[in-house]
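S.K.: Based on the hints, put chain B in the right spot on chain A.
Chains as they are written, first to last, in UniProt numbering: chain A, 1 to 202; chain B, 1 to 202.
What the hints contain is simulated information worked out from the structure, not anything from laboratory work.
Do not take every clue at face value.
[Unchecked claim] Listed next, the stretches of chain B that the computed footprint assigns to chain A, with coverage defined by at least 3 CB atoms under 8 Å from CB atoms of chain A: (1) 59-68; (2) 77-91; (3) 96-108; (4) 120-134.
C-beta: ideal position from N, C-alpha, C; glycine also.
Protein chains: 2
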Amino acid sequence: MKIYETSTAPSPRRVRIFLAEKNIPMNYVQVDIAGGENLSDVLRAKNPMAKIPILELDDGTCISETISICRYFETLQPEPVLFGCGALQIAQIDMWQRFVELHLFSNVGMCFQHTTGYFSDRMKPNQEYGLEAGVQATKFLDILDKQLSQYQYVAGDAFSVADITALCALDFARVVNIRLADNHVHLKRWYALVNQRPSSKA
Amino acid sequence: MKIYETSTAPSPRRVRIFLAEKNIPMNYVQVDIAGGENLSDVLRAKNPMAKIPILELDDGTCISETISICRYFETLQPEPVLFGCGALQIAQIDMWQRFVELHLFSNVGMCFQHTTGYFSDRMKPNQEYGLEAGVQATKFLDILDKQLSQYQYVAGDAFSVADITALCALDFARVVNIRLADNHVHLKRWYALVNQRPSSKA
Numbered sequence: 001m002k003i004y005e006t007s008t009a010p011s012p013r014r015v016r017i018f019l020a021e022k023n024i025p026m027n028y029v030q031v032d033i034a035g036g037e038n039l040s041d042v043l044r045a046k047n048p049m050a051k052i053p054i055l056e057l058d059d060g061t062c063i064s065e066t067i068s069i070c071r072y073f074e075t076l077q078p079e080p081v082l083f084g085c086g087a088l089q090i091a092q093i094d095m096w097q098r099f100v101e102l103h104l105f106s107n108v109g110m111c112f113q114h115t116t117g118y119f120s121d122r123m124k125p126n127q128e129y130g131l132e133a134g135v136q137a138t139k140f141l142d143i144l145d146k147q148l149s150q151y152q153y154v155a156g157d158a159f160s161v162a163d164i165t166a167l168c169a170l171d172f173a174r175v176v177n178i179r180l181a182d183n184h185v186h187l188k189r190w191y192a193l194v195n196q197r198p199s200s201k202a
Numbered sequence: 001m002k003i004y005e006t007s008t009a010p011s012p013r014r015v016r017i018f019l020a021e022k023n024i025p026m027n028y029v030q031v032d033i034a035g036g037e038n039l040s041d042v043l044r045a046k047n048p049m050a051k052i053p054i055l056e057l058d059d060g061t062c063i064s065e066t067i068s069i070c071r072y073f074e075t076l077q078p079e080p081v082l083f084g085c086g087a088l089q090i091a092q093i094d095m096w097q098r099f100v101e102l103h104l105f106s107n108v109g110m111c112f113q114h115t116t117g118y119f120s121d122r123m124k125p126n127q128e129y130g131l132e133a134g135v136q137a138t139k140f141l142d143i144l145d146k147q148l149s150q151y152q153y154v155a156g157d158a159f160s161v162a163d164i165t166a167l168c169a170l171d172f173a174r175v176v177n178i179r180l181a182d183n184h185v186h187l188k189r190w191y192a193l194v195n196q197r198p199s200s201k202a
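In isolation and in its complexed conformation, chain A is listed as follows:
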């Protein structure tokens, strides 16, 4: 079993932290996304959307999408639980994972791609859209701060996959100069807390 990834990209880090929390060892194969290696026929055969990370099982079966790879390992090895237990907690963690992914992680990514022109060899940057994505990502920080004023972690009182998405999104946000503001006291408390976990170095 191995994972095709790019060590500097934010999505693969989500998987590495998830596997560190589960204490699951993994073989990693580096893909040069800046050079377009993910767009090759070989990689497209593993993931038709031409993105990393990709988990390749020993029989050649491939799973892509960061969170789907994480779900695979959650089912194989449930402990420690990172997607929740019981209908309500599972739904709440899924909801907050999605809130963070859609409104923070993805907006930061769109801001990066559309304002820096990093992938301008394969897409046409839309500066106005990129700037708006950055505005929306920044706005979401207030919602996340409010949530963390009520709960220890992003999706409640247990560390979960939603915290992993949020940590990777916030660290990546620095590349587009989106940072926590002085009034984000609850987010700062949480950020220090999750950074104490050994998995945060993965």
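M.R.: Quick look at chain B alone, frame taken from chain A:
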């Protein structure tokens, strides 16, 4: 228990079809999203992202995000299974649900919002971005057609939540004039198949 929704919007239809497949009855409360009712303090208290659908439990706890609501019911009542069984199938269904949601459903939604100005009272449409989203949605149909040349349903040989997302995305795509092409023979075969299910009328 009740669901706040808008009967004409594509996301709530995903939940209605899912509940019809599970044969779970539900009370629906209509929200006037065109009139901005979802932006009210009352609705924001139920979902900070101000979107529908929202599931409200009898104790007032709210779950939003279409797929998180579906997961709630999958855990409460596993049969018929719509998110898969076992690590591999669960991951594959999750992956294809996400492929369809991110590359078809969301792109169609962005194309609609940014080219029609439907929500121009609350957001600034970016015509160029909307048109590009439509191009990407159309491109994804070829990938989905290829997948359906190999499997009966979107995520394999079992009907799943990925089919529900795809059906609702394709029907909604008509509003931005994105339709199946003559060469999408496998998608057409699949579309007829899923439309035979009573749930498709939900």
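S.K.: Look at each hint and say if it fits the structure.
M.R.: Going through the hints against the structure:
1. 59-68: holds (count 6)
2. 77-91: Result for this restraint: holds, n = 5.
3. 96-108: holds (count 3)
4. 120-134: holds (count 5)
In summary, the structure agrees with every hint in the numbered list given earlier.
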